[in-house]
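Peer 1: Chains as they are written, first to last, in the working numbering: chain A, 1 to 289; chain B, 1 to 392.
It is possible that part of the hints are untrue.
[To be verified] To give an idea of the chain A side of the interface with chain B (calculated C-beta under 10 Å), a few residues: (1) GLN3; (2) TYR10; (3) ALA74; (4) GLU115; (5) ILE135; (6) THR210; (7) ILE245; (8) GLY259; (9) THR264; (10) LYS286.
[Claimed, not checked] Lysine-lysine pairs mimicking DSBU-like chemistry, simulated, CA-CA at most 35 Å apart: (11) LYS164(B) - LYS122(A); (12) LYS93(B) - LYS122(A); (13) LYS93(B) - LYS65(B); (14) LYS201(B) - LYS122(A).
Derived from the structure by calculation, the hints contain no laboratory data.
Cβ atoms here follow ideal geometry from the backbone N, Cα and C, with glycine treated the same way.
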Amino acid sequence: MEQVIANGLYLGAQYALIALGLTLIFALMNVLNFAHGQMYVLGGFVTYVIYGQLGLPFVVALIASAITLAAVGAMIEIYLFRPVIRKSHREESTMLLAAAIAFFLDAVILLLFGEKQRGVPKILDGVLNWDFRIIMPYDRIAIGVLAILIIAAFILYMQYSKTGRAMRALAQDRVAAQLMGVQVDRYSMIGFAIGAMLAGVVGGLLVTITGVNSGIGGPISIKAFMMVMIGGAGVVSGAIAGGFILGMAESVGLSVFSGYGDVTYLIIFASLMVFLAIRPQGLMGKPWG
Amino acid sequence: MKLLIRSALVAALSVGLMSPSLAENKLLKIGFVGVTSGPAASWGISNQRSMETRAAWLNETGGVKIGDDTYDVEIVSFDDQKDPKRAIAGMEKMAQEGIHYVVGPNVDDGAAAVRPVAEKNGIMYFPYAFPKELYMAPASNAVLGMVANYQSGPAIYKYLMENKGVKKVAFIAANESDPLSQRDGGVAAAKALGLEVVADKNTYQNDTRDFVPVLTPVLRTKPDLLVLSGVAPGNAPLLIRAARELGYQGLISTETAQDAQVLQEGAGELANGFISVGGASTPEIRTEAMEEFIERYTAMFGEYNDESNTKVYALEYILETMKANPASMASVEEFQKTMDTFEAPNIYMKGDAMLKYVGMTSFGQKRQVSVPMVVNEYVDGEFKTLFIAEVD
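Produce the entire structure from the sequences given, and follow the hints as far as they go.
Peer 2: This is how it looks when you write it as structure tokens:
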């Protein structure tokens, strides 16, 4: 059971980090970013090239992933989402745009990095073995701890920095924030860049454990949406809770139901449907949005 | 000096005019319908690129002589995105273009879905899918393009029983039709050999990235052999790495083709000893023609894919069968008649290996290409031959 809990916590930490960026963008702009998974993949490939191919230190590669995705996110917001939001009040316009960006990035990534699964050297060797009750490689522990530290730093930034407060104000009431002098365009761009950067960072972190390939963007996005739905769309604490709940549900389900075939996801999806029927706004979301 | 220049120009022109690439060859279109995008893209891309490499090579060296005419080969490709509906659309496109020979689809449901379209429009197709109904009468137009798991599995398990003392085996498969049917075939074969199957229900979503939770309950059964049924090349290193990091020290095998570089990058030395099946995979059995194919593929696409060791064959079979009976270019019935007696040298493999159609034992008719069943062991970044067998 100790191993199952450890697996669940590790999965939860990485899932929470994946969901954070998605929920931030939704909170600020009411945009469902279907390209979030593709941004994760791009971040993974940047780290793959810099750390895996060029042999530079992992930290350099991770910073490069963060900067690249922040730049990509900022460009996407300025040149694509901003004009669409300005011209169209229909929510499906931004959804279609996000889906188009996802397909575009899929094609570009396949073209640039090929079809193969890619991996990089381990950042730490060795395995923690606690009397065969918990077996966990050191690199997983390091990535799990890093993920939790990044989540904590993000929360502190959102809570105490001027930019964080401005973005929270925008998320709570866009019009009121504007009337109080918050520059909507500027903070929407910063928020989108941070959201994309988080996707890139987690892609860069996890390429050391699970590798990366050009086709996994879509499935990653779906999983991120599930976490956001569980926790409540647009709520940072909800995304974190959603990530840990999904991680733990997967770990426990795969262990308890292992003799019955692939029923774990069946049960998770069925539970999610029932849960959303009872509480459509998720655990921590507000019914009014 | 002028004479020298004029002579050089004449010589260059003569060479140019006589050059096969400028000859007025007819065009022979061969189709490909398979998955070239999404998580399983590597299966189809290695197919498509193998065909394009071979076609470019043949065209560059004068084309393919079939009967009295010489043809340049053009590959017409369609990405079915691993979706049976799109596979049908792809096969219909091939029919509209008048194409009679198609390589693919890559997966079971796609191969089953295109059968009516292929049979109605007189198309022979070469899927990489294992359901026997596709190849047994009354089905007539599908030819299995590789060795099926129910053919390679028993051979591998028997070898491991006799040489490595394997007694207990566990199976794990993605929750999709191909891997699940391969798992069921593997379980039946293992039981028939007297192996104790300690796990045969454990599955995972194909988009799983972290396999530790999936493998934790499987490894508690302490198998001597862990079989990754129908594992996608992208998932194999992740499963191997997770199993080894959880302390598993037994053997790991699969019956599908894998890529050495993907294993190296994804699992490193943890993948040492991993057993898989390939075509003309290992340097010791490759001919110079196979080496040249790999060089050309790498030059065209930047990087070789070891899955192409198997996938190089389908186009070769189509063209060689047409050479043996030119009437088959327009008639699949003629092609089918030729299949029963067809034989041609296997240019990719050393020794006296022949291209021929097989499958009598498994399907009751010759509806499978004879690809060498090379069982490999991955060691330090490359495959080493464990043993070679043939399918009847």
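Peer 1: If a hint holds in the structure, say so; if it does not, say that too.
Peer 2: Hint check:
{"no.": "1", "hint": "GLN3", "in the structure": "holds (6 Å)"}
{"no.": "2", "hint": "TYR10", "in the structure": "holds (8 Å)"}
{"no.": "3", "hint": "ALA74", "in the structure": "violated (27 Å)"}
{"no.": "4", "hint": "GLU115", "in the structure": "holds (4 Å)"}
{"no.": "5", "hint": "ILE135", "in the structure": "holds (5 Å)"}
{"no.": "6", "hint": "THR210", "in the structure": "holds (4 Å)"}
{"no.": "7", "hint": "ILE245", "in the structure": "violated (15 Å)"}
{"no.": "8", "hint": "GLY259", "in the structure": "holds (5 Å)"}
{"no.": "9", "hint": "THR264", "in the structure": "holds (9 Å)"}
{"no.": "10", "hint": "LYS286", "in the structure": "violated (31 Å)"}
{"no.": "11", "hint": "LYS164(B) - LYS122(A)", "in the structure": "holds (30 Å)"}
{"no.": "12", "hint": "LYS93(B) - LYS122(A)", "in the structure": "violated (46 Å)"}
{"no.": "13", "hint": "LYS93(B) - LYS65(B)", "in the structure": "holds (26 Å)"}
{"no.": "14", "hint": "LYS201(B) - LYS122(A)", "in the structure": "holds (31 Å)"}
Of the numbered hints given earlier, the model fails hints 3, 7, 10 and 12; all others are met.
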